[in-house]
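Construct the entire structure; sequences and hints are all you get.
Residue numbers (my numbering), protein chains in the order written: chain R, 136 to 454; chain Z, 271 to 388.
Think of the hints as simulated: they come from the structure by calculation, not from any bench. Glycine included, each C-beta is placed from N, C-alpha and C at the ideal position. You may find that some hints are simply not true.
Which residues of chain R face chain Z? A partial, calculated answer using Cβ under 8 angstroms [what the hints assert, rightly or not]:
1. Thr215
2. Met244
3. Leu245
4. Gln402
5. Tyr404
6. Ser422
7. Gly437
8. Thr447
9. Ile451
10. Asp453
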Amino acid sequence: MKRILGMGLLSCSFILLAAVYGFGAGGPKTEPPPKAKTIKELAARYDSGKCMECHEEAHEQWSNSLHSRSILGSPRTAPTIVTAVDIGLKKFAYSGVKEDKDLKVEHLMLCAKCHLPQLDEATDDVAREIVATIRAWQKAQKDGDEAKTEKLQETIASLNIGCMVCHNKVALIHKYADGYPQPDTVYGSKDGDHEAEEQPKMAVAPAMSESILCGQCHGQGPNFEFDHPSQCATLYGSYLFSYVAHGGSESCQDCHMKKSELGHDIQAYKDEKMIAMAVDVDVEGRSLFWRKNKAEGVVPIGVIDVTMVNKTGHVIPDG
Amino acid sequence: MTAKTKDGKEVYKEQKTYMPFPGRMGRGKEMGRGPYEKSGLLRETSLAPGARVHETFEMSYPVEDVKKGDVTRRELAADELKVAVKLWYLPFGEFDGNEVAWFEKEKDLDLKTEWVWH
Chain R
136 MKRILGMGLL SCSFILLAAV YGFGAGGPKT EPPPKAKTIK ELAARYDSGK CMECHEEAHE
196 QWSNSLHSRS ILGSPRTAPT IVTAVDIGLK KFAYSGVKED KDLKVEHLML CAKCHLPQLD
256 EATDDVAREI VATIRAWQKA QKDGDEAKTE KLQETIASLN IGCMVCHNKV ALIHKYADGY
316 PQPDTVYGSK DGDHEAEEQP KMAVAPAMSE SILCGQCHGQ GPNFEFDHPS QCATLYGSYL
376 FSYVAHGGSE SCQDCHMKKS ELGHDIQAYK DEKMIAMAVD VDVEGRSLFW RKNKAEGVVP
436 IGVIDVTMVN KTGHVIPDG
Chain Z
271 MTAKTKDGKE VYKEQKTYMP FPGRMGRGKE MGRGPYEKSG LLRETSLAPG ARVHETFEMS
331 YPVEDVKKGD VTRRELAADE LKVAVKLWYL PFGEFDGNEV AWFEKEKDLD LKTEWVWH
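Below is the structure:
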């Protein structure tokens, strides 16, 4: 009986382990793809338009999100990249950047780690082309040349966090365990065939619905992997060390995709639904005669009490 | 937050800021703004997840000390205040066109009860 129980426990342990360590369907590390030599080439490689035919709704939702224009931004990101070059890189003694021509992919990765992770698949010429395009766009705006502004803006927006960034490039986080993303596979919640010429396979990314997927960019603070750590987001840090630490259990996707019903139109501070989900504010007011002290006598005052409750799983605002 | 008298005169204005204060290059006491210089946090006043933040604003009604004979009496110059509370989200720390109003509420306060100096 003891033995049977022992075996039973062993089997249970095995099943439990298999469930806990449900490895993903990545594969061996592949050769990096040939470096894209132009913005056009890089944009084409990650063009989400290819997915639109079958995933129309998701594509439409995504098109409205900032992910679809992650270099352009609100559009404040693109000018900030130029500021990072002019006020940051060019003024730092050891960056190796004195002029735009000195820029390399390595330098722009301070921003592109999150705003365009696929930039690591491009030549240094593309890094310089991006900065030149943003500068030309800024000049066209200043000159009031609307047609040129629009055209350049389209070029900048063609570089983005598209389908194949989250569903391939950054889909598998623990590569020693889950393997490396394979170029012929789209990663999500299902295994099987995928009706697409370039990616004929689907596979499960174990962390696709977990906060850690978003945490790769919506970060913890300084990005220490760089020679010069950059910092934008601290959201995931507050999620881990404040929200989860106080008993929170929902994921980024739970609120920003499911409860909001926005799906791939992942929104934040500008969206009415997200604002309503974020903070409760209560205002109470009253008046009274305050017998303050001998010097000031009676002071008639109004008192306003404001109570705010942050209902989210992260700090508001972050940065 | 602002308070105005019935005739539109602003008698009170106060604001509270909730934000991270990233350190410049992670050293010293200076705050950094750009992503190329922000490192860590010097201070954090953002609303923490799950936190309940309470703010109290006290504003004086406008008064006049009026002398009548030998006696000086304090009189209310206005016994009604219109208070406006607004919560703004400033993604870039400025009112630069990107700001979003998250919450707005107006509240009427009054002190119409008879005021007798005891």
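Check: Was the hint right that Gln402(R) lines chain Z, CB cutoff 8 angstroms?
Finding: This interface hint is violated because 11 angstroms lies over the 8 angstroms limit.
Next item on the list: Under 8 angstroms, Cβ to Cβ, is where Gly437(R) needs to be relative to chain Z, so tell me if that hint holds or is violated.
Entry: Since the shortest Cβ distance to chain Z is 4 angstroms, the answer is holds.
Note to self: Does the closest beta carbon of chain Z sit nearer than 8 angstroms to the beta carbon of Thr447(R)?
What the structure shows: holds, 6 angstroms
Next item on the list: Using Cβ atoms only, decide whether Ser422(R) comes closer than 8 angstroms to chain Z, and label the hint accordingly.
Entry: Holds - the Cβ of Ser422(R) comes within 8 angstroms of chain Z, reaching about 5 angstroms at its closest.
Next item on the list: Double-check Asp453(R) for me: the hint is only fine if its C-beta lies closer than 8 angstroms to a C-beta in chain Z.
Entry: holds, 7 angstroms
Check: When the nearest CB of chain Z is found for Met244(R), is that gap smaller than 8 angstroms?
Finding: violated, 12 angstroms
Next item on the list: Double-check Ile451(R) for me: the hint is only fine if its C-beta lies closer than 8 angstroms to a C-beta in chain Z.
Entry: holds, 5 angstroms
Margin query: Holds or violated: the hint that Tyr404(R) contacts chain Z, with Cβ atoms closer than 8 angstroms.
Written below: holds, 5 angstroms
Notebook entry, point to check: Holds or violated: is the Cβ of Leu245(R) closer than 8 angstroms to a Cβ in chain Z?
Noted result: holds, 6 angstroms
Check: Does the CB of Thr215(R) sit less than 8 angstroms away from some CB of chain Z?
Finding: With Cβ-Cβ at 7 angstroms, under 8 angstroms, it holds.
The structure fails hints 2, 4 (numbered hints given earlier, in ascending order).
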